[in-house]
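All chains should be built: construct the whole structure from the sequences, respecting the hints.
Residue numbers (the working numbering), protein chains in the order written: chain F, 1 to 493; chain Z, 1001 to 1140.
Think of the hints as simulated: they come from the structure by calculation, not from any bench.
A virtual CB, placed ideally from N, CA and C, is assigned to each residue, including glycine.
Each hint can be trusted.
The calculated DMTMM-like cross-link candidates involving lysine to aspartate or glutamate, where the alpha carbons are at most 20 Å apart (straight line), are:
1. K1002(Z) - E1058(Z)
2. K491(F) - E198(F)
3. K1069(Z) - E105(F)
4. K396(F) - E466(F)
5. K1069(Z) - E103(F)
6. K423(F) - D294(F)
If you want the ones that stay clear, here's a sample from chain Z, every Cβ over 10 Å from chain F, calculated:
7. Y1025
8. H1031
9. G1036
10. L1042
11. Y1101
12. I1132
13. L1134
Residues from chain F that keep clear of chain Z, each with C-beta distances beyond 10 Å, as calculated:
14. L27
15. M50
16. E137
17. T152
18. E268
19. W293
20. T352
21. L411
22. L418
23. G442
24. L463
Each chain is listed here by its residues.
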Amino acid sequence: MNNLVILPLLIPLLAGIILVIFRQNILLQRWLSMVAILSTGGVASYLLQMVSDYGIQTLAIGGWEAPFGIIFVLDMFAGLLILTTSIVSLGCILYAFNSIGSEREQFYFYPFMLFLITGVNGSFLTGDIFNLFVCFEVMLISSYVLISLGGTKVQLRQSIKYIVINIMSSTMFLLGIAYLYAITGTLNLAHLSVRIAEVGQEGMLTTVAILFLTVFSLKAALFLYFWLPGSYGAPPTAIGAIFGALLTKVGVYALFRMFTLIFYHQPEITHMLLGMMAAITMILGGLGAICHWDIRKIIAYNVIIAVGFIVSGLAVFTATAVTGGIYYLIHDMIGKALLFLLGGTIIGITGTGKLKEMSGLIRNHPLLGWMFFITVLALAGIPPLSGFIGKVLVIKGTMEMEFYWLTVVGLLSSLMVLYSVMKIFINVFWGETYLSKDKEKGTTYGLLFPCVLLTTVSIALGLGVEGITCYIEQAANGLMNPDIYIKAVLKSI
Amino acid sequence: MKPNDVILQTVTKVVTFIILTFAVYLFLAGHHEPGGGFIGGLVITSGLTLLYLAFDIESVRQGVPVDFKIVAAVGVFIAVATGMGSLLFDSPFLSQTYGYYNLPIFGETELATAVLFDLGVALAVVGTGVTIILSISGDA
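Okay, here's the thing in structure tokens:
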């Protein structure tokens, strides 16, 4: 028992509740949400060190031991993701201070950000599939509010689409849980894993696995991404950034969890399917990113490409590839938040998202320009920066398992990422400066600080790879050997 | 012409009383019989809705001068706080306990901390339900 495990969920939840009560006090809203996220990050890093020293930390809620009660499990994978979530959400909240506007701030913006983080952290922590569903809903309902908050026309139009898709996929999630419960009679993830290993993953269970694959693909924008490009461009930048960095990644996390812990007996069907979907996602996402001339669309398609790439690491299903997938997942959460924030700042300055209507921003905004350049290189995976090591390991994994088609698509996707984001850089920052300082639509006042923060983290992640290698390898080791997880949860079995 | 709804209003005055009593009964019955915080909260909401239907929003607001958004938040806070109480006693989050006490009027009674959690649920349900009804019912 370790009550600290619940804190990454509890701190944002409590802060959110308090902020609902004190709606008018904007200063309190800002400070408390910042303190809440900082302390969540602090607890997360403390817990990470504990996991690294003493193994997986668990907490049986209410003292009811698994498999009968709900159990919260903090393994290395979840811990790393929670820490990354805290960093990313700190960046987004700081960005929101100067950009979101007081009408939105007065209508529960910060509480819903915090509830979103509650849901995300809960999804990472939980060891129970129904509780995973509940945490998904906490996250999604907050995101429904955030996507429509402010009520502009485009937001309302996109939020209907977003809500309908997510309600559909949540219903399918619930159906999948019902089938799984009917077959195995348990809801605890570790116990499910044991039961399925006992009966073997027959046709019926593989079908259920594919149902879950569909559900989480909808959530993670893996192949079934048609709802994403519109939805993520609609809300204000700070909200779009936290969506792009966290929401799809929770789906990716669920895919990793389900297909390494529970449905790992028939990789020739499930993981092959994952691989094919990942390849198609990368190709179609890449085409989308290349063909568009609107910043919002290009960034949204980049989210899709990255999801494909991370999942291809899972699809190969070797220790190397999964390690690469985790590296890339962490890099990508930070990188995508950064890309959204920088893109939003550019749109704020020029007042338009269309690339052809802007040029020469580097003269007045050198810091913004060079940060964007570094982000571009990091996303494409240029060696000293953070995207590199993950890409190398995933590519190495695909070659080892002789998935050469996945290697080719993976490398090609890097090229498409580089082209599409470099297109933004060249069109926006190079060329003749015809937008003088006083003609700009908005300022960058206070907006660059969170970007600098995230860029620093991103660079540090690239240069300091050695420092986090031991954690990531432990996480990958935990994913590749479900026995470790099961032993930590079900102590008696 | 203003419609004369004296019958509706008179009946409401009696019926609301019965509904709210029934709500409290359902709320307290939850541990051993069907009932509990959610259904208790919904029945309270239905009683309040009846008041809103029979009278106008302003007069009900004068009678029940609370902001239901804050009621919902306080409800969730109570539910979380009962969970956090167990942190003080070094037991897992959301642990419950109960005991038997001799109360003045009721005699020997079982008191459980789960009721406090249910109270939070009930307040959250009331707050949410009434907030939804009030926000879609008019321009306010």
